[in-house]
Amino acid sequence: MAQHFLLSPEAKTISTKRIARMSEDEAVKTFRDIRWKDTNGEPVCPCCGSLSYYDMRATKRYKCKDCKKTYSVTSGTIFSSHKLELRDYLLAIALFTNDVKGISALRLSRELEVQYKTAFVLAHKIRATLIDNADTAKLSGICEMDACYTNGYTRPENKKEDRKDLRLAVNQNPNKRAVEVMRQRFDGVNVINNITEGANKTIALVTTGEYSHTLNKIANNHIEKGSIIHVDGASGYDDLEAWFDMEVGDHSKAYMGDNGECSNNAESFFSRFRRMQIGVHHKLSNLYLSNYVNEIAYREDTRRLSNGDIFRDIMTKAMNTPTHPEWCGYWQGNHRNSERLVA
Numbered sequence: 001m002a003q004h005f006l007l008s009p010e011a012k013t014i015s016t017k018r019i020a021r022m023s024e025d026e027a028v029k030t031f032r033d034i035r036w037k038d039t040n041g042e043p044v045c046p047c048c049g050s051l052s053y054y055d056m057r058a059t060k061r062y063k064c065k066d067c068k069k070t071y072s073v074t075s076g077t078i079f080s081s082h083k084l085e086l087r088d089y090l091l092a093i094a095l096f097t098n099d100v101k102g103i104s105a106l107r108l109s110r111e112l113e114v115q116y117k118t119a120f121v122l123a124h125k126i127r128a129t130l131i132d133n134a135d136t137a138k139l140s141g142i143c144e145m146d147a148c149y150t151n152g153y154t155r156p157e158n159k160k161e162d163r164k165d166l167r168l169a170v171n172q173n174p175n176k177r178a179v180e181v182m183r184q185r186f187d188g189v190n191v192i193n194n195i196t197e198g199a200n201k202t203i204a205l206v207t208t209g210e211y212s213h214t215l216n217k218i219a220n221n222h223i224e225k226g227s228i229i230h231v232d233g234a235s236g237y238d239d240l241e242a243w244f245d246m247e248v249g250d251h252s253k254a255y256m257g258d259n260g261e262c263s264n265n266a267e268s269f270f271s272r273f274r275r276m277q278i279g280v281h282h283k284l285s286n287l288y289l290s291n292y293v294n295e296i297a298y299r300e301d302t303r304r305l306s307n308g309d310i311f312r313d314i315m316t317k318a319m320n321t322p323t324h325p326e327w328c329g330y331w332q333g334n335h336r337n338s339e340r341l342v343a
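Its first residue numbered 1, the sequence shown is counted upward by one per residue in my numbering.
Calculated from the structure, these hints are not laboratory results. Hints are all accurate, no fakes.
Ranges between beta-carbon positions, derived for each pair:
id: 1; residue 1: 39; residue 2: 99; range: 30 to 38 angstroms
id: 2; residue 1: 271; residue 2: 59; range: 46 to 54 angstroms
id: 3; residue 1: 209; residue 2: 322; range: 28 to 36 angstroms
Even glycine gets a Cβ: it sits at the ideal position worked out from N, Cα and C.
Start from the sequences and build out the full structure, keeping to the hints where you can.
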C-alpha cells in the first residue's frame with residue numbers, strides 16, 4: 001500500500017522549530033521576499049510605488065526618496081502598526097497552518113506568550129485574509145450541496161412536565177444557523193487561488209435554514225447553470241431542477257447510489273467542521289461563524305498541499321490584504337463586524 005501523502009517528507013516542509021530559531025532580521029527578510037516578490041525582496045513604496053529608498057536599519061523601516069514617506073514591510077497590510085516581533089507573526093501563521101482542525105485563541109496565546117485578546121484578533125486577522133482572498137469563480141461540472149445545523153441546542157427543563165416541544169419553530173433556539181456547503185468534485189486538476197492541487201473546490205456559507213428561496217439564490221450565484229448537483233432528499237433543493245441536472249442520494253438506502261449519486265464530499269467538510277467546533281473551539285459565535293466556516297473550506301481545499309506551501313499561501317494573502325476595518329482597533333470598539341448571512 002502506498003504511503004499517505006501527509007506521512008511523506010514532501011508534506012512537511014516547514015516547522016515551528018525552524019521559525020522559532022529565526023532572528024528578527026531573518027523574519028524581516030522572509031516578509032520582504034513574500035511581499036515584494038516581484039522585485040526580489042527590494043522595498044516598494046506603498047504610497048507612490050517608487051523603488052528608491054533609504055534603509056533605516058535601526059527601526060527596520062524605509063524612507064522613500066521620492067515622496068519622503070516612511071514605511072515598513074507591513075505598512076498598508078493587515079499586520080500594519082504591529083506591536084509584536086515579525087517572527088511572532090510567522091510563528092502564528094505556522095501554528096495556524098499545522099493545526100489542521102483549527103487552533104483556538106487560548107492555545108495561540110500560550111504558544112506566543114501574549115494576552116488572549118491579542119491572540120483572538122491575530123487569529124481572526126488570518127481568517128480575514130482567507131475570506132478576502134477567496135476564489136469567487138463559480139463551481140462547475142459535478143457539484144455537491146448539503147447543510148448542517150449549528151448553535152441550535154436548547155437545554156431541556158429539569159422536570160418532564162416543564163419541557164417544551166422542540167419540534168415547534170416557536171420553541172427552537174433563535175441562534176440556530178445552517179452551514180450550507182457546495183463542493184466541486186476533483187476532476188484531475190483544480191486551480192484554487194493559483195495553487196494546483198488534488199482536492200475539491202469548496203464554497204461554504206451561513207444561512208438561517210435550508211429554504212427553497214435561499215438555496216435557489218446560493219446555487220445560482222455560485223454554480224454554473226447546467227452543472228450536475230448531487231443532494232440528499234431535503235425538499236428545499238427541489239426547485240433547483242429548473243437550472244441544474246439533479247441527482248438525489250438516499251442515505252437510508254446507500255451512502256452512494258449505483259450511479260455515484262451522493263454528498264459524501266460535503267459530509268467530509270462537515271466532519272472537519274464538527275471536529276473544529278467540538279474539539280477545538282467548543283462554541284462558535286454566530287458573529288464569527290462565517291469566518292470559521294470559510295477557514296474549514298480553505299483547509300479542505302488545501303489538504304493535499306505541503307504545510308510549507310500552505311504557509312506561503314497564507315503569508316501571500318496576508319501581504320495582499322489591506323488594513324482591515326473589522327480588526328483594526330477591535331478592542332477599542334472601532335470594529336464594524338456583523339453577522340454574515342446569505343438570507
